[in-house]
Amino acid sequence: MSDKRLTFKKRLHILKHHYRDKKMAPAFNAFHTFLFAPDETTHSGSHIRGADDLKRTMNTVIMALIPVLLFSMFNAGYQHYAAIGGFPSDFSVMEHFLTWDNFWIGIIKVLPLVAISYGVGLVVEFIFAVIKGHEVEEGYLVTGMLVPLIVPIDTPLWMLAVSVVFGVVIGKEVFGGTGMNILNPALTIRAFLFFAYPTWMSGDKVWVHEAVERAGTADAISGETILGYLAQNKGAEFTYSISDMFFGFIPGSVGETSTFLILLGGLFLVFSKIASWRIMLSAIIGSLLMGLIFNVVVDAGIIGETSTFYGLMSFEYWQHLLVGGLAFGIVYMATDPVTGSQTNRGKWIYGFLIGFISVMIRVFNPAYPEGVFLAILLMNVFAPTIDHYVLRGNIKKRLKRLKSATILPKDSDSKAEELKAETV
Amino acid sequence: MALLTKKDASLILDPLADNNPITIQVLGICSALAITAELKASVVMAISVLFVLGVGNVVISLMRNIIPSKIRIIVQLIVVATLVIIVDQVLKAFAYELSKTLSVFVGLIITNCIIMGRFEAFALGNGPWKSFLDGIGNALGYGVILIIVGFFRELLGSGTLFGFPVLGNPIAKTGLYATGYENNGFMIIPPAALIVVGIIIWIQRSRNVALIEDN
Chain A
4 MSDKRLTFKK
14 RLHILKHHYR
24 DKKMAPAFNA
34 FHTFLFAPDE
44 TTHSGSHIRG
54 ADDLKRTMNT
64 VIMALIPVLL
74 FSMFNAGYQH
84 YAAIGGFPSD
94 FSVMEHFLTW
104 DNFWIGIIKV
114 LPLVAISYGV
124 GLVVEFIFAV
134 IKGHEVEEGY
144 LVTGMLVPLI
154 VPIDTPLWML
164 AVSVVFGVVI
174 GKEVFGGTGM
184 NILNPALTIR
194 AFLFFAYPTW
204 MSGDKVWVHE
214 AVERAGTADA
224 ISGETILGYL
234 AQNKGAEFTY
244 SISDMFFGFI
254 PGSVGETSTF
264 LILLGGLFLV
274 FSKIASWRIM
284 LSAIIGSLLM
294 GLIFNVVVDA
304 GIIGETSTFY
314 GLMSFEYWQH
324 LLVGGLAFGI
334 VYMATDPVTG
344 SQTNRGKWIY
354 GFLIGFISVM
364 IRVFNPAYPE
374 GVFLAILLMN
384 VFAPTIDHYV
394 LRGNIKKRLK
404 RLKSATILPK
414 DSDSKAEELK
424 AETV
Chain B
612 MALLTKKDAS
622 LILDPLADNN
632 PITIQVLGIC
642 SALAITAELK
652 ASVVMAISVL
662 FVLGVGNVVI
672 SLMRNIIPSK
682 IRIIVQLIVV
692 ATLVIIVDQV
702 LKAFAYELSK
712 TLSVFVGLII
722 TNCIIMGRFE
732 AFALGNGPWK
742 SFLDGIGNAL
752 GYGVILIIVG
762 FFRELLGSGT
772 LFGFPVLGNP
782 IAKTGLYATG
792 YENNGFMIIP
802 PAALIVVGII
812 IWIQRSRNVA
822 LIEDN
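Heads up: the sequence lines are chains A and B, in that order.
The first sequence finishes on residue 427 if you use the working numbering, and the numbering steps up by one all the way, no holes.
The second sequence finishes on residue 826 if you use the working numbering, and the numbering steps up by one all the way, no holes.
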């Protein structure tokens with residue numbers, strides 16, 4: 004390559020050397036490695052590295068989220084107009100859903116959420132990288148996309164900004180940055196929003212655009228989620244069909260509604276080996292089992308129609324996966340490799356309990372008929388404990404095997420004890 | 612002659628910053644979480660502890676040579692319990708509403724680790740004047756953190772300070788609330804105090820690196 008005709012990539016490399024050791028170097032490097040693989044070789048240790056570094060891993064998750072984001076932009080408009088004008092009786096996807104009007108609502112409501120989430124989050128990350136003098140870590144790439152998808156559509160932008168600052172600083176940076184956090188940062192942000200501004204995060208108004216502004220006027224519209232409806236125990240059938248729930252033409256947090264697209268994203272993540280299928284599968288099993296237990300309790304007549312929990316407990320067990328954030332949480336949040344369990348057996352336990360506890364909280368929490376974010380945060384805290392006991396169990400098992408495999412039965416006990424003392 | 616010698620002054624000043632009972636010794640956290648949702652309660656709590664610890668340290672210090680070592684904890688408990696009952700009765704008589712807000716936490720001053728800690732660590736081995744200064748210093752160090760936490764929790768959580776609305780009226784939507792601002796419900800609940808205390812510890816240790824324990 005001649006020096007006169009430099010490629011864009013080469014120019015970036017030269018610029019990078021120019022800025023080396025300057026204070027702003029981490030900020031510059033972040034942009035550079037976002038576009039190109041770094042040109043540095045390893046200085047020590049292993050010299051063979053996979054092409055799928057952290058940034059590539061994160062980008063794969065983002066790719067899996069793009070369909071969900073696009074769908075949510077159409078759904079934002081669809082729910083808004085359907086709440087005003089009533090649901091079309093002869094619903095067709097092309098005519099009523101994929102329209103420019105719907106997409107426009109998505110552009111003016113969903114894109115600002117994405118922009119604020121990324122803008123504020125990356126500013127915090129860059130500030131910490133410059134102060135601490137390390138490279139900007141990629142951890143926020145996925146978090147920044149998850150956050151706008153798990154909040155209600157009309158969440159005020161300043162609230163989101165405050166929550167993102169809190170979540171990134173308290174949820175991640177205080178523990179040492181990406182890879183060191185105990186709690187999933189996106190869910191920390193969600194939890195902060197929920198406890199700080201509960202009126203904007205729960206109830207029957209916030210889930211559809213403009214429902215809050217119109218409340219109390221003649222134009223009032225409802226924005227109730229299916230879970231919210233069931234929690235009120237009204238008894239009568241709601242208007243959404245099973246296919247509505249599966250494909251996601253229902254109100255809810257921005258990106259959580261379409262189980263179909265989440266399922267596709269989940270399969271993509273499993274086949275690209277980014278996310279753990281063990282966690283997803285066991286979480287699904289856990290939620291089905293809990294739902295089934297509730298169904299059995301209702302069928303056995305232990306809980307009558309007068310009970311406050313009747314609405315949610317009598318909800319068909321498998322439909323729990325179609326409504327609310329359960330599917331989204333299982334696919335995109337529970338599988339977070341940093342905060343989840345690391346051992347294979349641990350992943351089964353971790354995932355199972357997420358599903359099990361999610362549905363339990365869903366049914367028994369009167370103020371807020373959704374539990375998946377609380378369940379995942381709870382299991383995040385327990386993940387290291389689960390791993391610890393799985394490892395100890397494995398050590399014990401292998402010691403036992405060693406004991407029985409030793410030829411001389413007399414010495415075996417003392418030998419095993421010796422080995423045990425070394426391992427422990 | 613200065614009022615306080617340098618050594619005496621450090622008894623008061625050290626607990627305010629580099630040997631703070633809450634942020635460095637991590638004692639008295641329970642009450643710091645429980646009563647700091649309002650600034651008023653924080654201030655009253657700080658004054659109560661100031662009284663109990665100042666007087667208590669002097670009493671223990673005066674008795675230090677006659678307390679049998681085996682029963683010293685019980686003697687300390689009786690002293691602190693007596694003082695706390697005095698505080699409780701005074702509050703009930705002159706600030707009944709406040710004493711209802713503080714509820715059991717006045718009584719729980721008895722179990723505040725800072726008080727027993729100072730009795731054990733200082734008053735049992737030092738003269739009354741020094742013990743008095745040490746008690747005042749530690750109570751002030753405790754109170755400062757309480758007031759800082761209370762300030763942020765009441766301002767962000769309720770938009771008021773000492774009960775006066777400083778950010779406007781949230782119901783009539785005046786002041787800052789007219790722009791769409793809302794009170795942060797998270798600051799009202801006790802976990803917020805843990806996070807605010809954590810941030811104070813963080814700031815303090817990044818300003819004075821010598822305070823960071825190595826492990």
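Since the hints were made in silico from the structure, they are not lab data.
All of these numbers come straight from a predicted model, not from anything done at the bench.
Possibly wrong hints are sitting among the right ones.
Stated by the list, open to error - Below, simulated SDA-like cross-link-like pairs (lysine to any residue); rule was C-alpha separation at most 20 Å, straight line: (1) Lys135(A) to Leu673(B); (2) Lys26(A) to Phe131(A); (3) Lys135(A) to Leu644(B); (4) Lys784(B) to Trp203(A); (5) Lys784(B) to Leu160(A).
Stated by the list, open to error - To spell it out: a stretch of chain A is covered by chain B in this simulated footprint if at least three of its residues, at any positions, have a beta carbon under 8 Å from a beta carbon of chain B; those stretches are: (6) 154-167; (7) 268-279.
Claimed, not checked - Cβ pair distances, simulated, as ranges: (8) Leu787(B) to Leu18(A): 41 to 47 Å; (9) Arg816(B) to Phe385(A): 24 to 30 Å; (10) Ser275(A) to Ala732(B): 56 to 62 Å; (11) Asn298(A) to Gly774(B): 49 to 55 Å; (12) Pro340(A) to Ile689(B): 53 to 59 Å; (13) Ala789(B) to Gly396(A): 49 to 55 Å; (14) Glu793(B) to Pro340(A): 53 to 59 Å; (15) Lys617(B) to Asp24(A): 42 to 48 Å; (16) Glu793(B) to Ser244(A): 32 to 38 Å.
Note that CB positions come from ideal geometry on N, CA and C, so glycine has one too.
Do the beta carbons of Glu793(B) and Pro340(A) sit within 53 to 59 Å of each other? Given a distance of about 35 Å, which is not inside 53 to 59 Å, the answer is violated.
Taking 56 to 62 Å as the hint, is the beta-carbon distance of Ser275(A) and Ala732(B) inside that range? holds (59 Å)
Claimed coverage, the region 268-279 of chain A by chain B - three or more beta carbons nearer than 8 Å: violated (count 0)
Could you say whether the range 49 to 55 Å given as a hint is met by the Cβ separation of Ala789(B) and Gly396(A)? violated (60 Å)
Quick check on a hinted range of 53 to 59 Å for Pro340(A) and Ile689(B), using CB atoms only. Hint holds: Cβ distance 56 Å, inside 53 to 59 Å.
Mind checking the alpha carbons of Lys26(A) and Phe131(A) for me, to see if they're no more than 20 Å apart? Cα-Cα ~12 Å, so holds.
Check the following: the C-beta atoms of Arg816(B) and Phe385(A) are separated by a distance inside 24 to 30 Å. holds (29 Å)
Could you tell me whether the CB distance from Leu787(B) to Leu18(A) stays inside 41 to 47 Å? Since the Cβ atoms of Leu787(B) and Leu18(A) sit about 44 Å apart, the hinted range of 41 to 47 Å holds.
Compare the distance between the alpha carbons of Lys135(A) and Leu644(B) with 20 Å, and conclude whether the hinted pair is satisfied. violated (30 Å)
Straight-line alpha-carbon gap Lys784(B) to Leu160(A), limit 20 Å: holds (19 Å)
Please check whether the region 154-167 of chain A has three or more residues whose CB lies within less than 8 Å of a CB on chain B. With 4 residues in contact (Cβ-Cβ under 8 Å with chain B), the coverage given for the region 154-167 of chain A holds.
Given a hint of 42 to 48 Å, does the C-beta separation of Lys617(B) and Asp24(A) actually sit inside it? holds (45 Å)
Of the hints listed earlier, those the structure fails to meet are numbers 1, 3, 7, 13, 14, in rising order.
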